[in-house]
Amino acid sequence: MAFSRWLRATSERYLMIAAQHKLAVKYGVPPPRRPRGADLFWLRVYVPAYRAVPWRVRSAIMRRMPGSHRRTWTTGDRSRGQAV
Amino acid sequence: MVVQRIVVIGGGAAGIGAAGAAKATDPGAEVRVYTEFEDVGYSPCGIPYVHGKEIPDFERLFLATRETYETSGIDIHYETKVTGVDVAGKAVSVHGEGSVRYDKLIICTGFEYAPLGVPGSGLAGLYYVKNIRRAMEWDTVLDGVKVAVVVEASPLGLEMVTALCHRGIETHLVDPDAWALAAATDPDIAGPVQDSWRQMGAQLHFNTTLTALSGVDSVRSVTTSDGEIACDLVVVCTKKQANTTLATSAGLKAGSAGGLVVDEGMLTTTPGVWAAGDCIEVPHSVSQIPIQGLSGSHAYAQGKVAGTNAAGGRRAYQPVSVPWGMVAGEWMIGGVSFSETLATALAIPHVVGVAEGISRARYYPGVKKIRVKLLAEPRTLRLIGAQMVGAEGIKERADFLAMAVRTGITIYELATMENVYSPPIGALNEPIALAAQNLLSGLAS
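So the sequences go chain by chain: H and G.
The numbers in the working numbering rise by one with no breaks, and the one at position 62 of the first sequence is 74.
The numbers in the working numbering rise by one with no breaks, and the one at position 191 of the second sequence is 260.
Extracted from the complex, chain G is given alone in its bound form (with noise of 0.2 angstroms):
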């Protein structure tokens, strides 16, 4: 029997989930993955977190021991680079080993953060949050930083900005956009966020661009078009862009967004080589339009379809509806496809409904107010959208209003809906259902 050896570029959640699913799919199959870093199966996601001191070390954000990989049977080359890609001669270079035959490929390269594009950008003192190992250096350097400046407050800078600020530094949020997270949220979302940032210390700087890092050979000061910010470290939180160079010089093919083009099964332009992760796009679920740069979970589940059909199995992925959510400040906030700010970007026509619910019955201790907001398409009402903030309660919403999202449930539907009712974890009127009521009302009147 011949032994197909699938080759997986990239070691982060799709890369891994790929690996996994191409072993399981063929047993038999040789599954080799390259990284060019130390480690594989961590959450870098949890960095914030361990930077913030809510999580005790970075050993608890190990998944995986190199020996679990050595017996489900993935050979992992750590730290071994793949320098080019051979589709016609089904090839990689790898530095340090030549030219390795494939039989299929698959590209899990992720996500650059986005170029700062200023002068002093090549400075010392400049973290980029990604790679687990040179996380535990920064989090000892961060011992002794006393002012920090987060450029971008995107989702990984609203996490930055909180954890450093739990670590009594003075942090400085310098933003382009006008409101915290402006792509994803609306300014009545992410204003009690902003609010709780402040009361925490930290100073933000939105409609403010970056122009210029100064200092010897460590940044020393950041100059802004509002001025000028002394400073003993920048965490630089631009936009992901897919890393796409290795894939684009073979010949395979980006979109629109940056990433690479595939379809349902993850496979790329170029047969016999799949892709998965920050370095494709998808369509968005409502609009079909491709998007690129979306959370671990999708990398790791696009990684499962990329590597399972790599190994001669079907499975498929689906357009994405893209719920997200998170702690910024003492809130928590989350939503799914538009926002209202998004929506009124693109000019699709839409109608919005907001609600404020409480998370548990009132008489409860420890009840929250949550802010609810849901976007529909006029002519239907179906839900094309949503937005909340809150103190609990946040994902389980964003999850199940991403599945109505997804299948074209209506405001109808949603103002009609059932809710648990149970004093500790949720109100006699739910939060969801009461937006959606409010927004029928309005339609009305």
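With the rest of the complex left out, here is chain H (with noise of 0.2 angstroms):
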């Protein structure tokens, strides 16, 4: 696997596991399981040094990453800009 899909399968698994947290508190449900071994450092050390980076600079730097995105790609609406 590549090293930017390795980031980002394993970086959306612990994200995943955070927010469902937050909605479980929200909406009073179960909450994922508490986290162990690896899982401490992807959620007490990854996580909010992702939130606390602005959604911009994150979305730049994901944008940077290979893929699709990367090639020509016409928007429907071009006049009203990109949503966030």
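Check each hint, because a few of them may be wrong.
Mimicking SDA-like on lysine to any residue, the simulated pairs with C-alpha atoms at most 20 angstroms apart in a straight line are [what the hints assert, rightly or not]: (1) G:K309 to H:W18; (2) H:K38 to G:A252; (3) G:K308 to H:S23; (4) G:K309 to H:E24; (5) H:K34 to G:P245; (6) H:K38 to G:A424; (7) G:K322 to H:K38; (8) H:K34 to G:K322; (9) H:K34 to G:K308; (10) H:K34 to G:P418; (11) G:K309 to H:S16.
According to the in silico footprint, chain G covers these stretches of chain H (three or more CB under 8 angstroms from chain G) [as the list claims (entries may be wrong)]: (12) 23-33; (13) 42-52; (14) 60-71.
If you are wondering where the hints come from, they were derived from the structure by calculation, not from laboratory data.
For each residue, glycine too, the CB sits at the ideal point set by N, CA and C.
Reassemble the complex: the two chains are provided individually, in unrelated frames, and hints are given to aid placement.
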């Protein structure tokens, strides 16, 4: 697996777990399991660090990763620009 | 006149869409499709509903016969595996046929289920829903199954849990997330579905990891982080991963979502080679980040674009907003673009508006509740996502909201939208407008 793919998959996994914690509290449902082992690093170091960076910076970094988005794509309504 | 040969690898929705579009664009072209399977031109998405007995037989899932394709000039090579691609020599290696030259190549190799990665994964009794012939065989097996375990609450997992419950099979759902379809839905949307599954007899094991499968030849139990479940059958519904082995071996590039890199014309990183369907990744219309593993309608539309362009025409695909919807348990759920969970995960700034409305006039028989949740970008209030649960009218709203996301519609516009009012099909107040109005009220207060 390419590094960019591994990083994205792993990052998404822990960001989703952290989000499930937040939403579980908000909606009163059982939260994900307590983190253990390597989970601790990702949930207690990586996720807060990710959230601390402004979205526009994070978005710009993500868009620099290799992928289809870096090739030619015409959006439907260019006049309104990017939504987020 | 020189006749161009267009070779399509894969006979799923993307492959057949590509072949048809190529032939329509250049009727003189030789269009050849290679598929490993016995059939093309059927709807695999209908398989869970045959298992659940909502559809009486598998024959109804076939959309066209072999003769239909022969008549239309598409040469399909069934049960024929392509083993290699030589992009420099413009040839594919075909089992039983040797090296076959092409002028244009379209790769539609689809997906594979993410491996379970636990001991016992090689046992018999593991059902991967994909091929209709195997589904027919498994349908007979289901007649004798008393207990089944569905692994992961993916879209297919939701459909299979519902189908197996309809079939009267004791069904266990094992999923590592906190609620069903957690990557696409929120707990308030999944909640009613989960309640209805429990009423149907399903046993739900969320926050639970599969650790092993046990049995002598065939699976007889699954071991999870919460204990052991005896079973006769395991239905594997893990994430769909792009099947890019053939393409990447030939030098085509894959992106961070794991799918082949393409442009709006479905052209890959290699000239003369297009790709479409579950083996590619395409940008999300809001985030512009590439995503992979979409629906059959996306695959078919992408195939049409790839086929048209490969044959010499001009057609472009758009970044996707991913409207989705399904029947799960006794409910319909659906949405578009970001859920509250996903927006929270990515830490995308957003505001939320929720409303509970009704699907018909309040006095009309069969009226049902609909919960609508809208997500908007806080500064402009442009719609960036939606979630819905109800008993009818979900698909149409998801399609509408996908266009709203794509075209940059704001919450202000949705709050003042006009709507159809007709007692049997629509209430006085549209739930989407109510959710938008609630969002604005929340901001004002």
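Comparing the hints with the structure gives:
no., hint, result
1, G:K309 to H:W18, "16 angstroms, holds"
2, H:K38 to G:A252, "17 angstroms, holds"
3, G:K308 to H:S23, "16 angstroms, holds"
4, G:K309 to H:E24, "16 angstroms, holds"
5, H:K34 to G:P245, "16 angstroms, holds"
6, H:K38 to G:A424, "17 angstroms, holds"
7, G:K322 to H:K38, "41 angstroms, violated"
8, H:K34 to G:K322, "37 angstroms, violated"
9, H:K34 to G:K308, "23 angstroms, violated"
10, H:K34 to G:P418, "15 angstroms, holds"
11, G:K309 to H:S16, "18 angstroms, holds"
12, 23-33, "holds (count 6)"
13, 42-52, "holds (count 4)"
14, 60-71, "holds (count 5)"
Violated hints, listed in ascending order, are 7, 8 and 9; each of the other numbered hints is respected by the structure.
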